[in-house]
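Peer 1: The lines below spell out each chain.
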Amino acid sequence: MTLVAEAFVSQMAAAEPWPESATLYQPLKEDQILLSDCASSLAVQAYLRMCGLPVQVVCRANAEYMSPSGKIPFIHVGNQVVSELGPIVQFTKAKGNSLSDGLDDIQRAEMKAYMELVNNMLLTAELYIQWCDDATAAEISRPRYSSPYSWPLSNILAYQKQWEVRRKMNAVGWGGKTLEQVYEDVNQCCQALSQRLGTQPYFFNKQPTELDALVFGHLFTILTTRLTSTELAERIKSYSNLLSFCRRIEQTYFEDKSS
Amino acid sequence: LKTAFSEPNMAAAMELRCWGGDWGLPSVHSESLIVQAYAKFSGAKVKVVPIDWTWKTLTATVPELLCGDSAVQEPTNILNYLRKQRFNADYELTARQGADTMAYIALLEEKLRPALLHTFWVDAENYANLTRPWFASRSPFPLNFLVPSHHANTALSRILLTKGEASLHGITEVEGKIYSDAKECLNLLSYRLGTANYFFGNLPTSLDAFVFGFVAPIYKASLPSSPLQSHLRQLDNLTSFCDNILAVYFTHTMTNTISPPPPVQETMDANLQKLTQLVNKESNLIEKMDDNLRSSPQHKPHRPDPKPSLASEQSSTPA
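Those protein sequence lines, which keep their order, are chains A and B.
Each residue of the first sequence is one higher than the one before, counting from 1 in the UniProt record's numbering.
Each residue of the second sequence is one higher than the one before, counting from 1 in the UniProt record's numbering.
No wet-lab data here; the hints were simulated from the structure.
Please note that a few of the clues may not be correct.
[Said to hold, decoys possible] Partial pick of chain B residues on the chain A-facing surface, computed with a CB cut under 10 Å:
| hint | residue |
| --- | --- |
| 1 | 98 |
| 2 | 100 |
| 3 | 159 |
[To be verified] Covered stretches of chain B, going by a simulated chain A footprint (3 or more residues, C-beta under 8 Å):
| hint | region |
| --- | --- |
| 4 | 108-122 |
| 5 | 188-200 |
Every residue gets a Cβ at the ideal spot worked out from N, C-alpha and C, and that includes glycine.
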């Protein structure tokens, strides 16, 4: 969104309280959704639950195309549509719900830096593994991505998406990496997160923030998604404080949902 | 690109290929600055070889560290290599500070790099008046026609691929977003730095090298139009941070940046050289006029100031 549109949305957002009928859209859970989208969607769900804002999760095959930015997930609140965690956090802030108000400037800087670390490393690694690793792409990503569509549209869409993601990987310099290097990058990222978390319940001690939601979304999804190899999940499992972090958030905020 | 360490001989000469310097900086290229700064911080004896005026301006990936048989590219890999050779500026950091380093570097990459690329390579006024003449004048004929536009295309596609929201969006839709992200990123860095000289304690580390590499070009370049530069100039602690690093670590190399090009130029025929200069000047002027004609009415076409370009051409004449 342009800056003017964003300011306008914020102003409209502040005018109304959070309605009961807010919905979150994502691709079909059983057959279609992929690892990276599932992680982003879970992060947003966790964030909204942490804020105490009710939202219904609706699965649609064309969720990606409905989204204003082309990214999953997006929420439909009142008469506004907002996609991706960053803008959603700003949107809820305009409505008076924020998890990071208690942080001082330096802590907020740290929080944003760690969120970018997750986006830069974990999300990019997820995309790489899904689309640039030939085995995973052929066995899992392309079939799942194109499952709602019939041939030949399924083939066209799947290969188009793969081409797009590969272009992006080349642009950010991940095109030349091997799978081993990507696993190593994930390992380093998890090590950094584990160091930062330490023995605290959440990243900023007692209260969860959007960083906790984002990290939970990604780590939980990686741990619970079946890929061609379990190596990614194994790397995360070696950090026990991250495992207990995920379990804690799942129990606190998702206890009514069967994982 | 993983290197083989043939022998742990720290006296082996290390050569670093970079873009040359200007505007008071040892290099105008962010990645080259990062590596040069880290080499200074960690005490690594690295011979800096500018690729200006050579064919490497098109063929080489810069920066590149050459040591013996191995060649390492990309700042992160080069810093890892130097660390393994025991040139480690981070050894005093705690594990938590190491984690913070990774996080802040990710912040720079995601939030500041798109605006940095845009300011130098996509913004029409900056590109026509500063970036393209600079890179064109430091590339040998006929590469001066190819090098700047090659980098500009790469920059534009990188911005669109990473920040463009839908494949049909052009650059204008994302401009506002990337500049507001960049300003916020600079603010966050300023909060984090506070009143200290460096980000972690009294000695600079790899995070300082990365911040310096990203921020110094925005600070020092003579950009005709840059709201980002004006924003940065208001953040006193970041500008002092850059000036401090330049004063402490780069004073004795500054005099080299305005020296004549490397000796290989002297072997060129003098007439061929004059011809090259004339063609460069002509092509620069033609391109500038072309751009001025095409740009919007608010950008009043004006004759580019002849002094800087003549000065730069004169400085490339060997004695």
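Peer 1: For each hint, tell me whether it holds in the structure or not.
Peer 2: Going down the list of hints, with the structure as the test:
The interface hint given for residue 98 of chain B holds, since its Cβ lies 7 Å from the closest Cβ of chain A, which is under the 10 Å cut-off. A hinted interface residue such as residue 100 of chain B counts as satisfied when its beta carbon comes closer than 10 Å to some beta carbon of chain A; here the least separation is about 7 Å, so the hint holds. Annotation: residue 159 of chain B was flagged as interfacial toward chain A, and the flag holds, the nearest CB pair being 9 Å apart, inside 10 Å. Against chain A, the region 108-122 of chain B contributes 3 residues with a C-beta closer than 8 Å to a partner C-beta. That satisfies the three-residue criterion, and the hint holds.
Interface restraint, the region 188-200 of chain B with chain A: holds (5 residues with C-beta to C-beta distance below 8 Å; minimum three).
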